[in-house]
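Assemble the whole structure, with the sequences as input and the hints as a guide.
If you read the sequences in order, they're chains A and B. Using my numbering, the letters of the first sequence map in sequence onto residues 1 to 304. Using my numbering, the letters of the second sequence map in sequence onto residues 1001 to 1352.
Keep in mind the hints are simulated off the structure, nothing from the lab. In this text the structure is predicted, and so the values were computed from the model without any measurement. Wrong hints could be hidden among the right ones.
As the list claims (entries may be wrong) - Distance condition first, Cα-Cα at most 25 Å in a straight line; then the derived PhoX-like pairs of lysine-lysine: (1) A:Lys94 / B:Lys1198; (2) A:Lys197 / A:Lys121; (3) B:Lys1006 / B:Lys1246; (4) A:Lys134 / A:Lys197; (5) A:Lys171 / A:Lys197; (6) B:Lys1246 / A:Lys121.
What the hints assert, rightly or not - Computed beta-carbon distance windows for the label pairs: (7) A:Ile115 / B:Phe1193: 44 to 50 Å; (8) B:Asn1329 / A:Ile115: 36 to 42 Å; (9) B:Phe1120 / A:Leu3: 46 to 52 Å; (10) A:Arg179 / B:Thr1010: 55 to 61 Å.
Even glycine gets a Cβ: it sits at the ideal position worked out from N, Cα and C.
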Amino acid sequence: MTLALFLQHIVNALSLGSLYALIAIGYTMVYGILRLINFAHGDIFMLGGYFAFYLVTTFFLPWWVAFIVAISITALLGIGLERIAYRPLRDSPKISVMISAIGASFLIENLATVIFGGRQKGFPIPAFFNKLLKFGSSRDPENVVTVVTISMIIPIVTAILLIILLWIVNKTKTGMAMRAVSTDLDAARLQAIDVDKTISITFGIGSLMAAIGGILWALKYPQLSPTMGIMPGLKCFIAAVLGGIGNIGGAVLGGFLLGFLEIMIIAFLPGLTGYRDAFAFIVLILVLLFKPSGLLGKNQVEKV
Amino acid sequence: MNKKTKTILTAGACVLAVAFIIIANNFFDNFTLRVFNLCAIYIILALSLNLLNGFTGIFSLGHAGFMAIGAYISALLTMSPAQKAVNFYLEPIVPWLANIQIPFLPALLFAGCGAALFAFIIGLPVLRLHDDYLAIASLGFAEIIRVIITNTQNITNGALGLKGLPKYSSTYAVWGCAVLAIIFMVALINSAFGRSLKAVRDNEIAAQAMGIDIAHIKTVSFVISGFMAGIGGALLGHLMQTIDPKMFVFSLTYNILLIVVLGGNGSITGSIIASVVVTVCMELLRFLDGPLNLIFIKTDGLPGLRMVVFSLLLMIVVIYRQRGLMGTNEFSWDYLSKIGLVPRIKNGKEKM
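This is the structure in structure tokens:
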């Protein structure tokens, strides 16, 4: 493998890892607060992509307006989802909440199939995201690394969002409320923290991240389908577990590790390409067996 | 109602059921009969998932994987060498499988045992987990199975799937299996083992304090469930006569989960009723996917609308009526006579 090819793989892994990280953040935040796998998170991600698609192709909005509107709608939908599917069950047994989450996920997928159609749609990529940048000496084609702008933009967007998010969580009042609720929901309520509002904000932020992830995903892999959220959704949950669920930095680390693992295994062992979707699950099982708290998670003792 | 009356009623119901199955087999048209048989297969699958979800309190989402294993084992063991040669045109089948052909019954048992063995192996790591982690890990194993089946071209024919499975899933075969499954489940749940299962479900720590070996109970329950799911998968394969890895995606598990939840987590009766109702409704509501003409609303075919209805139903049940149709109650003649569905029979001192 030449250096150029290796660098090419690194770029791909970086952008895939960033996408995973963006989605994993939503999982980890929701899990941190509600101890609930938001199965529908992958479908929120899918909706983000579709809304952007329709705003661009049907309403002819400039892409940046369309993206902002799509992200806002998706974030509101995420808040609505929590209201309808999770809030009524907050004191119910865990199995009921999980069934509700799975049900919500399938409802969104099937609604999307009905409304958007089951056939795949090609996402229109604005020229700005699709330029080819060439690095390296132009005389020697062996040593040229070609990068599409979107592959560079994804990690940058992720980094900016991560900084903003960490600032919100660690420095603002809202963030303090989120941390309080995630430590102990009832104690937080006793401190006059509006728990419902805080949970709504968490879902809003998580869905916003998922929507941005969905749009960036559609820009990089321009194929939309109602089931496109399932696999990334599951993998990003795994990324969140790998990093230590409930920990934002951990989710990002997990996302990048998973992205690199996927790209590098395929790069070095092309024979395993068909097994690509199984890697993440093998990682999950290994993590759960050997370090269930994840790489950056705290060891928690189960309370009786 | 005394014991004798109940026995007579039960015997009568059994005769009626057998008569109905015979009538169905002889007089239903092909399509209706297929749906009728599908009901039986879903009964087996729903019971096997209910054993985990409802009775043991293990929230497993790996059923599609067990079914895939059962379906493929049975298919590969019963297909004729000629049929296999037709299927494997991309890459020839491995020699040790090419000429095997055994009768249906042993193949079915092999399918169940294969799935049970797999359940035992994945149970070792998975059953150490709890709640949502367990769900995701079992789902992960099911996905891994599917990916492996897709990629082992010379054993399973990969993504092309297998076509032309022998049509062994006759009405008597599937309903025979379903009845056996029902009898087995009733016996299991009412045994000491069944009570241990419920104890583990209700409170693991208390159960452990009572001297129940939790790991053992969970593993046995998982293996039995895997066995039944394997049988169900094999029967499904022989009913459809064609299988491919795409059949065994997560939505298959979801359909079974839907039945279990609607029927009542922890009720055998509920699972049976819901299996029949959901399977029949899935077919009856097929018109929703086609063009609709509701005078005011006209649509030209919305594939997926049927599943929207079922997903909505599931959400409503989970949010407003978590116990589903039956909760953890079971069918009993006493209850039926109390609500007046069976004529009240007065006999001596017995009071209704």
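So, going through the hints one by one against the coordinates:
A C-alpha spacing of about 17 Å is found between lysine 94 of chain A and lysine 1198 of chain B, which places the hinted pair at or below 25 Å, so the restraint holds. Between lysine 197 of chain A and lysine 121 of chain A the alpha-carbon distance is near 36 Å, which puts this suggested pair outside the 25 Å criterion. Of the supplied pair hints, the one linking lysine 1006 of chain B and lysine 1246 of chain B is violated, its CA atoms being roughly 46 Å apart against a limit of 25 Å. Between lysine 134 of chain A and lysine 197 of chain A the alpha-carbon distance is near 48 Å, which puts this suggested pair outside the 25 Å criterion.
The hinted pair formed by lysine 171 of chain A and lysine 197 of chain A meets the criterion: a straight-line CA distance of about 18 Å does not exceed 25 Å. Of the supplied pair hints, the one linking lysine 1246 of chain B and lysine 121 of chain A holds, its CA atoms being roughly 21 Å apart against a limit of 25 Å. The beta-carbon spacing between isoleucine 115 of chain A and phenylalanine 1193 of chain B, approximately 48 Å, falls within the hinted interval of 44 to 50 Å. Judged by the Cβ atoms, the range 36 to 42 Å given for asparagine 1329 of chain B and isoleucine 115 of chain A holds: they are separated by roughly 39 Å.
Our hint of 46 to 52 Å for phenylalanine 1120 of chain B and leucine 3 of chain A holds, since their Cβ atoms are close to 48 Å apart. A beta carbon spacing of about 60 Å between arginine 179 of chain A and threonine 1010 of chain B agrees with the range 55 to 61 Å that was offered as a hint.
Hint compliance for this structure: hints 2, 3 and 4 are broken, all remaining hints hold.
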